[in-house]
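Chemist: Letter by letter, the chains look like this.
Protein chains: 2
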Amino acid sequence: MQTPEQVREYARSHDMATTAGHARGFMQANLLAVPQEYAFDFLLFAQRNPKPCPIVGVLEAGQYTSELLPGGDIRTDIPAYRVFENGEHTATLADATSYYTPDMVSFLIGCSFTFETALQDNGIEVAHIAQQRNVPMFKTTIPTTPAGVFSGPMVVSMRPIPAAQVSDAVRITSRYPSVHGAPVHVGDPAAIGIENLNRPDFGDPGEVPEGCLPVFWACGVTPQAIVMESKPRLAITHAPGQMLVTNARDQDFLIP
Amino acid sequence: MQTPEQVREYARSHDMATTAGHARGFMQANLLAVPQEYAFDFLLFAQRNPKPCPIVGVLEAGQYTSELLPGGDIRTDIPAYRVFENGEHTATLADATSYYTPDMVSFLIGCSFTFETALQDNGIEVAHIAQQRNVPMFKTTIPTTPAGVFSGPMVVSMRPIPAAQVSDAVRITSRYPSVHGAPVHVGDPAAIGIENLNRPDFGDPGEVPEGCLPVFWACGVTPQAIVMESKPRLAITHAPGQMLVTNARDQDFLIP
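Chains as they are written, first to last, in the working numbering: chain A, 1 to 256; chain B, 257 to 512.
By construction, these hints were calculated from the structure, which means they are not laboratory data. Glycine included, each C-beta is placed from N, C-alpha and C at the ideal position. Hints may contain errors.
[Claimed, not checked] Selected chain A positions facing chain B (in silico; Cβ < 7 Å): (1) 39; (2) 40; (3) 43; (4) 44; (5) 47; (6) 55; (7) 58; (8) 177; (9) 255.
[Claimed, not checked] The calculated label-pair distances, taken between Cβ atoms and stated as ranges, are: (10) B:430 to A:211: 34 to 40 Å; (11) B:507 to A:6: 43 to 49 Å; (12) B:376 to A:199: 48 to 54 Å; (13) A:199 to B:343: 52 to 58 Å; (14) A:67 to B:443: 26 to 32 Å; (15) B:388 to A:71: 53 to 59 Å; (16) A:63 to B:399: 16 to 22 Å.
With the rest of the complex left out, here is chain A (with noise of 0.2 Å):
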């Protein structure tokens, strides 16, 4: 069994194509970096969007460690980064640290990795997880509610859940409101703006098995699409599915 300091270790010097499955039961967490002249609109985007971005951390600005990363640098310890500047993606790096500007202040999102353990821990099969894949990810018609600079339409996982577990799975996610909670539209894609299940706008194709219907939660990439339509000057985010490997544990996370 992996440490979450092995995990942040071999990430700083190391391609990881995703950090699904490393150090389980720990929370991985999802990171936006923005200047500090946007973080009291993004606090408060968060604030007024808890189901895309529920906050675990803040790191304040000249700040690059804390108790969910101790010994660990949130400028290197995620296997990848992107960078966006005015809303455009211009760059993915392994090492952050020559854009960490000491005025950048770094927002930790909770991640569904935390309740797909849950899940499975449940009986419900993880279809992405069992094909070795990253979950897929879309862009819907869903609107957030705007916070100063930031707007723009949030971000949905899928995962498709056999129709005698739905409702199973909604009770056991429902109890990780931190992360990402209980599902936001479950059946008809259409109905929420996406048109080809096999498109998605992050991650890997997903298939919806016969007898499954797909099951769509609020996304941690969300901060990414809210950047790309309200253009801050410059966001760092990590890259999907490579997350930031935290002390945290899963487990803390749940309600009641």
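Keeping the supplied structure of chain A fixed, place chain B upon it in accordance with the hints.
Modeler: Coordinates of chain B only, in the frame set by chain A:
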């Protein structure tokens, strides 16, 4: 049955000792308003201290109404306001308009009145309601997690609960994480720095009958203790027990 609109309109022009018991089933909220220069620090403080400071709404600078108080005005619709200047409580007012400069950001914070309704509905008597008194509130030695300029002690509210119902009280309130959630302490007041249950720092004295334990929940008056310690140049709050009655329903805060 009063509507939230009726209570807010009444509060605009009348004294009300407490809003407890009014517009039952609708969420009541604590207020902390600070100038924009403190807004990121306080929102971050709340994110780091979700039990005492669960944010249920934010009115941006220059915004005085929202979907939580449709047709209302945050500057007038609370029965009594407290003004703090450099940490000193300098005024208590029925109308805060003269202090509400256009740069004030208003934070609405969940209130334990929400889970008290749930406790009563589940057969647990809430002593201070039965006695028509305000809940006793105490500053403790439990530290909060600092953020920017804000730091200080957690304030808790105390309710005596029969030993056989403590477990139910924990379980029921844990399902309301946005309105303080599960207790932070059960039993011995001295262990969290409370010397005398008959001398609360806010609210009315509370007795603990034979066979009951004192049970302590994180309290939305915590921001007032934080303001006294952290001394921002200006802060406006509600007066303890005299809350904003919102149009949100208590039931909306039930998880799962």
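Chemist: So, for every hint listed, does it hold in this structure?
Modeler: We went through each hint and held it up to the structure:
Satisfaction of the interface hint for residue 39 (chain A) is found here, the shortest Cβ-Cβ separation to chain B being roughly 5 Å, below the 7 Å cut-off. Given the 7 Å rule on beta carbons, the hint for residue 40 (chain A) holds: about 4 Å separates it from the nearest Cβ of chain B. The beta carbon of residue 43 (chain A) is positioned within 7 Å of a beta carbon in chain B (closest approach about 5 Å), and the interface hint is therefore held. With 7 Å as the threshold, the beta carbon of residue 44 (chain A) comes within range of chain B, its nearest partner Cβ sitting at about 6 Å, so the hint holds.
The interface hint given for residue 47 (chain A) is met, as the beta carbon of that residue sits about 5 Å from the closest beta carbon of chain B, less than 7 Å. Of the supplied interface hints, the one on residue 55 (chain A) holds, with its beta-carbon coming within about 5 Å of a beta-carbon of chain B, less than 7 Å. With a cut of 7 Å, the hint placing residue 58 (chain A) at the interface with chain B holds, because the nearest CB-to-CB distance is about 6 Å. Checking residue 177 (chain A) against chain B by beta carbon gives a least distance of about 5 Å; that is within 7 Å, so the hint holds.
Interface hint at residue 255 (chain A): satisfied, since its Cβ lies 5 Å from the closest Cβ of chain B, which is below the 7 Å cut-off. Separation of residue 430 (chain B) from residue 211 (chain A) is about 35 Å and conforms to the stated range, judged on CB atoms against 34 to 40 Å. With their beta carbons about 45 Å apart, residue 507 (chain B) and residue 6 (chain A) fall inside the hinted range of 43 to 49 Å. Under the hint 48 to 54 Å, the C-beta atoms of residue 376 (chain B) and residue 199 (chain A), about 52 Å apart, fit the expected range.
Between residue 199 (chain A) and residue 343 (chain B) the beta carbons are some 57 Å apart, a value that agrees with the proposed interval 52 to 58 Å. Distance hint for residue 67 (chain A) and residue 443 (chain B): a CB-CB separation of about 28 Å, consistent with the stated range 26 to 32 Å. Between residue 388 (chain B) and residue 71 (chain A), the C-beta spacing of about 54 Å keeps the proposed range 53 to 59 Å intact. The supplied range of 16 to 22 Å is met by residue 63 (chain A) and residue 399 (chain B), whose beta-carbon atoms lie about 19 Å from each other.
Violated hints for the displayed structure: none, as all numbered hints are satisfied.
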